[in-house]
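There are 4 protein chains.
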Amino acid sequence: MKLSFGSDNHSGIHPQILESIKQASSNFAPAYGDDAYTQEVEQLFKTEFGPNASVFFVFNGTGANVLCLKALTQSYHSIICADSSHIQLDECGAPERFTGCKLIDIPTPDGKLTPDMVKTELYGFGDQHHAQPKVISISQSTEFGTVYTPQEIAALAELAHQHHMYLHVDGSRLANAAAFSGVSFKGLITDTGVDALSFGGTKNGMLLGEAVVFLRPELAENFRFIRKQAMQLFSKSRFIAAQYIAYFHEQLWKQTASHANMMAAYMASRLKEVSEVTITHKVESNAIFATLPRNLCDKLLEKHLFYIWDEDICQVRLMCSFSTTKEDIDIFISDLKSLI
Amino acid sequence: MKLSFGSDNHSGIHPQILESIKQASSNFAPAYGDDAYTQEVEQLFKTEFGPNASVFFVFNGTGANVLCLKALTQSYHSIICADSSHIQLDECGAPERFTGCKLIDIPTPDGKLTPDMVKTELYGFGDQHHAQPKVISISQSTEFGTVYTPQEIAALAELAHQHHMYLHVDGSRLANAAAFSGVSFKGLITDTGVDALSFGGTKNGMLLGEAVVFLRPELAENFRFIRKQAMQLFSKSRFIAAQYIAYFHEQLWKQTASHANMMAAYMASRLKEVSEVTITHKVESNAIFATLPRNLCDKLLEKHLFYIWDEDICQVRLMCSFSTTKEDIDIFISDLKSLI
Amino acid sequence: MKLSFGSDNHSGIHPQILESIKQASSNFAPAYGDDAYTQEVEQLFKTEFGPNASVFFVFNGTGANVLCLKALTQSYHSIICADSSHIQLDECGAPERFTGCKLIDIPTPDGKLTPDMVKTELYGFGDQHHAQPKVISISQSTEFGTVYTPQEIAALAELAHQHHMYLHVDGSRLANAAAFSGVSFKGLITDTGVDALSFGGTKNGMLLGEAVVFLRPELAENFRFIRKQAMQLFSKSRFIAAQYIAYFHEQLWKQTASHANMMAAYMASRLKEVSEVTITHKVESNAIFATLPRNLCDKLLEKHLFYIWDEDICQVRLMCSFSTTKEDIDIFISDLKSLI
Amino acid sequence: MKLSFGSDNHSGIHPQILESIKQASSNFAPAYGDDAYTQEVEQLFKTEFGPNASVFFVFNGTGANVLCLKALTQSYHSIICADSSHIQLDECGAPERFTGCKLIDIPTPDGKLTPDMVKTELYGFGDQHHAQPKVISISQSTEFGTVYTPQEIAALAELAHQHHMYLHVDGSRLANAAAFSGVSFKGLITDTGVDALSFGGTKNGMLLGEAVVFLRPELAENFRFIRKQAMQLFSKSRFIAAQYIAYFHEQLWKQTASHANMMAAYMASRLKEVSEVTITHKVESNAIFATLPRNLCDKLLEKHLFYIWDEDICQVRLMCSFSTTKEDIDIFISDLKSLI
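Protein chains in written order, with this note's numbering: chain A, 1 to 340; chain B, 1 to 340; chain C, 1 to 340; chain D, 1 to 340.
Hints are supplied without guarantee of correctness; some may be wrong.
To be verified - On the chain C side, residues computed to face chain B include the following (Cβ under 8 Å):
1. S26
2. I226
3. Y307
Unchecked claim - With the Cβ distance kept under 8 Å, some of the chain D side facing chain C (calculated, not the full set):
4. N27
5. T62
6. P107
7. H129
8. T202
9. P217
10. L305
Derived by calculation from the structure, the hints in this document are not laboratory data.
Even for Gly, the Cβ is constructed at its ideal location relative to N, Cα and C.
If we strip away everything but chain A, and leave its shape as in the complex, we get (with noise of 0.2 Å):
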């Protein structure tokens, strides 16, 4: 496959991270993160997110959400969600199934969750009919490619800890969050009082890596029982050590969320020429959101890879990622202006 705008996945791996790979397999090393390849990027994170977080790998971000939100809950708790949220939509029920917990979702407007619309869940705290609220899971940047300011984050980040609750951040995209708002990641997340995050690292050119990491020490403490039988740990932990060490490495993830986003950004204006396209969220991030005609959007995928977000109203998603190209997007333009 020449090109695809289907996902941020369907893209390989970046040449710096898998030469990471390679330099750290010429020799033996001991299995299950007792290497040294996991300690060096354990202290990668403290730099990132302050001394206080602590990082785990797992394996895929269906992992890395569901053992956050197992490690804040116990099971006759609930999630709160947008109801466009990959918990609630993409994970076949994973969540339920490895918490036990309600999963309870909301609509919005633009997949971002505000403290308003999380209040209408508030109730029902002590009793014992009731499943009780516990966390509110969010997503940086969301399903909709739309970014979270700080000030967003800690909002409601306070109005969790207010209620005993915890915050919890599915960032399966969070580098291109923060390429977009200039905002560090410690910035996003340690500052806005966020309590765990799903680090993501598949989208932005790994092979596979994604991380669980605790903003507080005493949710770490035991994870590691979690995690085994979870079934999320790694025997050779070292190769996704190694891509971390690559990816943080003079901010390797940056450059590649910046470009991603550049691409959208490029594509989003390309669209605008087209006047049956309409582009219905902001685009923040690597994704465009936008609807076009029905027979228009059948022919384009005739030659495109992409995907239909909503039937009803032929909404389609365009990703780009840090291998998506100009020379790409133009071809995409071309091929949708020549079918009209």
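Given chain A, put chains B, C and D in place with the hints provided.
Just chains B, C and D now, with coordinates in the frame of chain A:
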């Protein structure tokens, strides 16, 4: 670290496998198994295991074992295994947690179950108070490095099927068993009547790569939902597929496994030179189990990485892998002799 | 406590039911359902629901609902219900915890699902990321006291079966619905195509007694293991059976449920005398929902036990039961009027 | 059925307990434990077990055991028990299903664990691959009818606490143990350091009634949510409470349990008259275990209800209860003798 006999997962990635990953990274590809690499591997597994075989990639050996068992059971079933098995000892309760089943562990002299041993637990069928026996689970090669003959496996499969039960094989080291016995995967698994297989690659030269293999089509029917909900679906699936393509190409797996086995045999022959050391299990694959005086063991541990299996009798495990060399072993033996 | 309109489970045990318990206690009897009383009841249920019906006693309504749902699902399924349903609101996440399924809740004006409402959630079949819709669950009578017609239930059953799904009925107040509609249990459940039923007795005069009723024999096949593992198998099972024997004898259930319904109708008629009170749902069974001024409500709560259903609009629920009397209602209305 | 030695749950309801249910039924009462009966019983348990004790009613012994264990564990823990224990043998995997924990079963000569037996499984603390030992669970009296002394229990509690573990007692027959040993509930449980107790009533004259008793206040803190989500919250809770009120009144429990124990002692003394019968365990509570020739056993089973415990050696269990009479036993012995 220069040397390790700690585990076969202390070794790195075989160069041909790493090269295959690199090749697969050059383009965009659909995610979640819809790529050409994954589809090619699905055919390769049919070549190796017969036309009824189906394969699903997962992330690690625990994932492969637990998901096989989940596909074979309802939560009110029980699973019969050796008391030395990985599912009983080394997975932090993951099988119980995810399947809800009771594990029935049976002592064995050498890690191998026999029909007579299993029969002692085949009772209570139909009694609602009794977890219903449903799976016999064996490891090939076993945790002690011993290897079942095809006849031994077939006898267990027959017993299982007589009781409407299934036979599962934990094949995290199936390549070593196949290389030792000179029997094909099909001869060891499909032809003996095995129902589900955890097929490992990580311990034999892969970066990460484990597969669930079903030998009965009906077991595969809804398995992709089980896998997703179990957090074991990999987005960039092509990078496991690419490894298996290299693994099967000109039987790379056999070359690497045979080498590991040969190194273990060489290690065993050299250890026999040392009268303080007693080899305690047949060396049939890539593991050596041996007892030695405790103070000798402690001194050796200052120079080399290996694990004490049984503290009470100071029994140690020495593992060889595709990257173990004769020189490594000679250094180990020389260090051992110098300590006496 | 003299009076309560708090819930129909605030009432005691019907004398005939208590007498039946006493009779059953005179002898030894085998435990766990092997007694003659339980076997007699199994026949009574076939008489009521048809020859394909099978019955299993459980302890409470939550148990009946969760175990029905468990029998109908795998953990990667989803369950569609009204957002006012007991399984969504009042069981502390028990359905998610025990089945692993996602609950999809749908807003309704009156607690009743329609095929058009349900269809909005019937998508994503075969998509491994999407929890697979498998059960439509309704309450008869609903949590708002409204009652489905047989035609309405049949339409939902047909929709379910078209999609290889099941229809479950939470019948904790099925007797009230049957008494209201004048349709037999068979007419409401078996003939409409319902697959599984939670059949309650506790709210209609029993000490404790709920039953799981399957209308398809294959659902019952391994259910006794599910029940036992779910901690819902009663040793002295005869004491639930004896209650059901009295319950079905000369349609005691109808007499008690009709009385409760009549009391609700009487309460509704009396409430209409009070202009400050607005009845908000059709009174079709034994519940009245009404709004009233908040300060009036607060004063009334000092004298009577009932629950505020919706704090925002001061909507209250008043429940009648087999033991509610006209005099009770007259006192309540008199107290209400005196407060204005 | 006239006679049964099958189980102490084959007996009916003690008349005083049934009368107490009847009394409690005369009025309305709030549900779910907010009634005066339940509140009275909470005080009675503090009288029996000391001021730190808290009590929660559940439906059955499996529920009491599983919910105690759930309150003491996280899913990555293990639970150490005798291989004859009810939680290991007779609950269809309910403990594993609901807690996610691994059960470690230990063979014993008489159903009683000792510190030395338990110590063999106290290893692997901190090893993420190893399910972490967290609970020692014993039965008092045991499944073989033997009774722990307070000193024996205290020794196990001390061992548990040394390892930051808990001691749980399955007391489905605690009354029989207390009656045998002449030690109060407080002396057997609170003063020995037990952390959580399943306190049974059903086998000693109740209709149904089991209680979870915590001896440490912190264990009770969120337990009501666990109970509700586990489907073990009873709406008409007063009807369990009323039974316990009668049970504790003038030590009815002691009268019924002592009677059952005496009947067992009498049965044992009579069985010694029959040389073909060998009593295999000490008769310390209300159970007799004995071996007898198989053909004799089969003939006796045609006339009497009792269970074969161990088919291989034809070991049977004979249970006495509060309603067993000397005449019942004389008939049994007479029938036995007539068959020889």
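Hint check results:
1. Of the supplied interface hints, the one on S26(C) is violated, with its beta-carbon coming no nearer than about 27 Å to a beta-carbon of chain B, more than 8 Å.
2. The restraint placing I226(C) at the interface with chain B holds, with a minimum CB-CB distance near 6 Å, inside the 8 Å limit.
3. Interface hint status for Y307(C): violated, as the beta-carbon distance to the closest one in chain B is roughly 36 Å, over 8 Å.
4. Annotation: interface hint on N27(D) holds; nearest CB of chain C at approximately 6 Å, less than 8 Å.
5. Among the interface hints, the one on T62(D) holds; its C-beta lies about 5 Å from the nearest C-beta in chain C, closer than the 8 Å criterion.
6. Against a cut-off of 8 Å between C-beta atoms, the interface hint on P107(D) is violated, since the closest Cβ of chain C lies about 24 Å away.
7. With 8 Å as the threshold, the beta carbon of H129(D) stays out of range of chain C, its nearest partner Cβ sitting at about 25 Å, so the hint is violated.
8. Because the beta carbon of T202(D) sits about 6 Å from the nearest beta carbon in chain C, less than 8 Å, this interface hint is met.
9. For the restraint placing P217(D) at the interface with chain C, the shortest Cβ-Cβ distance is roughly 22 Å, beyond the 8 Å limit, so the hint is violated.
10. Checking L305(D) against chain C by beta carbon gives a least distance of about 7 Å; that is within 8 Å, so the hint holds.
Violation of the numbered hints given earlier is confined to hints 1, 3, 6, 7 and 9; the remaining hints are satisfied by the structure.
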